[in-house]
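Q: Here is how the chains run, residue by residue.
2 protein chains.
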Amino acid sequence: MVSAPDGRVVVSTDLLIEGRHFRRDWSSGYDVGRKAAAQNLADVAAMGAVPTCLVIGLGMPADLPVDWLDALTDGFRDECAEVGASVAGGDVTGCDLVVLGVTALGDLGGSAPVTRSGARPGQVVAVAGRLGHAAAGLALLEAGRYGQAPVEEGSALGEAVAAHRRPRPPYRCGPEAARLGAGAMLDVSDGLLQDLGHVAKASGVRIELDPAAFTVGEPVAAAAKELGADPLDWVLTGGDDHALAATFPPDVALPPSWQVVGRVVAGEGVYVRGRSAVQGGWDHFR
Amino acid sequence: MVSAPDGRVVVSTDLLIEGRHFRRDWSSGYDVGRKAAAQNLADVAAMGAVPTCLVIGLGMPADLPVDWLDALTDGFRDECAEVGASVAGGDVTGCDLVVLGVTALGDLGGSAPVTRSGARPGQVVAVAGRLGHAAAGLALLEAGRYGQAPVEEGSALGEAVAAHRRPRPPYRCGPEAARLGAGAMLDVSDGLLQDLGHVAKASGVRIELDPAAFTVGEPVAAAAKELGADPLDWVLTGGDDHALAATFPPDVALPPSWQVVGRVVAGEGVYVRGRSAVQGGWDHFR
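Chains as they are written, first to last, in full-length UniProt numbering: chain A, 1 to 286; chain B, 1 to 286.
Simulated from the structure, these hints should not be mistaken for lab results. Just so it is clear, CB atoms sit at the ideal spot from N, CA and C, and this is done for glycine as well. Certain hints may be false.
[Unchecked claim] Partial list, derived from the structure: chain A residues whose beta carbon lies under 8 Å from chain B:
id, residue
1, Arg-8
2, Val-9
3, Val-10
4, Arg-20
5, Thr-93
6, Gly-94
7, Pro-113
[What the hints assert, rightly or not] Per label pair, the in silico range of CB-to-CB distance:
id, chain 1, residue 1, chain 2, residue 2, range
8, B, Ser-117, A, Gly-269, 54 to 60 Å
9, A, Asp-25, B, Arg-77, 38 to 44 Å
10, B, Ala-202, A, Asp-67, 24 to 30 Å
11, B, Val-92, A, Arg-179, 31 to 37 Å
12, A, Asp-210, B, Val-92, 29 to 35 Å
13, A, Ala-112, B, Gly-154, 51 to 57 Å
14, A, Ala-253, B, Gly-181, 54 to 60 Å
Looking at chain A on its own, in the form it has when it is part of the complex (with noise of 0.2 Å):
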């Protein structure tokens, strides 16, 4: 049983598959279950909601590691640990792979949810949180620049692959832009020009970017002199930082840890430099 004072709940669903959404030989079991926990809590904050728990849905082979069991528990654990949240529950079942299905709950605190749909001409948007850095370590480690090992904490590239392993949302930074008065918001998942795309559609309106007002972080720059890429790829179309996106009234003072990257629009689409925005990030079925 959860208490949900605010007499409404929203709530957010995921399922991960081994393979698909992690590899064992690249994240530890702590990472997936602080990944895990990490990307349905971030869901919640989104809609302006602090999150209180999680309930989950694990399939797991029978050879599967006690001890990457134990430490996917303390992942989850850990991670509902940074809002305040809990474990509430849970369900075992065997499986070929391991498949997790997570759900998360939060409460609004008399706030209305912010949803997808809410963005308004003359709006600016803004991010919360890191972009492309998960990109950057999964390009790292799918180049074989990293394996089992462990991430060399203080190197930039160390850092991309462990941002990777385990997203860092800017959690706060939902239930704040509620005060705000953010008019939409989301975390960025699948990458920010095909989230952002989602809000354009469900407001009907065009969401301008300037990619000079972007951060390019040091691990992301890194990773791509590593590898010879482009940065701003990263930034725009990389998934699974679980950053924050949200559309602001032009007037609202905000606070350092939004940065606005662009405006909203009449029209339709994502356009980055006057152009529409190639669909871009994860495809599911890829």
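Please build the complex by placing chain B on the supplied structure of chain A, with the hints as guidance.
A: Below, chain B alone, put in the same frame as chain A:
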């Protein structure tokens, strides 16, 4: 966003894996949707709550027929409609086989939640709903008595197979039992002996069952005759009917939907005819 007028919310989650919890050659998409919804809605009802919504994580192969998916969605919707609940959201991802992560929320309507730990010596044990029907139907399917063929609605054997495909939990009996002062309650998902074992353990009591007190349904009796099986085995150890089992103070006048089948005494374990019941029911790792 889901209404939680009570200020508390109960949650249940289950993971259903193709090949383990259902087979696409034995159950239609519609059947799978109804069954996946039913088992979570029943779990919520078993806490004494009224189910309010489901959220669904769906993993599916890219070549899953659209018709099957549409039927699945219809099944979820129709089973929810049985209790006035709705599908509030979900997540779709690619997977080599069909995986369903289903979470149900429910409202307590001012009552305290009924748990597994409230059984006390002196109480009676009662069941509501069907027992052994789904297990009899599964046994018929496993024996090759039924395949893709439509169920013969009129026949007793057809009813058993239908019970495997679509459980019919006695949803309303959950909140009813809470109002009647039920001590402990759960829905029978793994078999009555195994599930009452959880109640006995959580409550620190012994549960004694009187096998003569059980009604053997006609579909169960017919399947037992067809396959040369003991129908009581299915009644006591068959899962998936999602009957409700509860303990009540001995002086409560139970409505006809509840049938007294045993009593709670001091001690531990589950006993049938004075002998400790061997752990039965579904082994998730067999």
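Q: Each hint: holds or not?
A: Quick rundown of the hints versus the structure:
1. Arg-8: With a closest approach of 5 Å, the A:Arg-8 hint holds.
2. Val-9: holds (5 Å)
3. Val-10: holds (5 Å)
4. Arg-20: Result: holds, 6 Å to nearest chain B Cβ.
5. Thr-93: holds (5 Å)
6. Gly-94: holds (5 Å)
7. Pro-113: holds (5 Å)
8. B:Ser-117 / A:Gly-269: 54 to 60 Å: Given about 56 Å between the Cβ atoms, the range holds.
9. A:Asp-25 / B:Arg-77: 38 to 44 Å: Since the Cβ atoms of A:Asp-25 and B:Arg-77 sit about 40 Å apart, the hinted range of 38 to 44 Å holds.
10. B:Ala-202 / A:Asp-67: 24 to 30 Å: Holds, at about 28 Å.
11. B:Val-92 / A:Arg-179: 31 to 37 Å: Check passed, 32 Å falls within 31 to 37 Å.
12. A:Asp-210 / B:Val-92: 29 to 35 Å: holds (32 Å)
13. A:Ala-112 / B:Gly-154: 51 to 57 Å: holds (53 Å)
14. A:Ala-253 / B:Gly-181: 54 to 60 Å: holds (56 Å)
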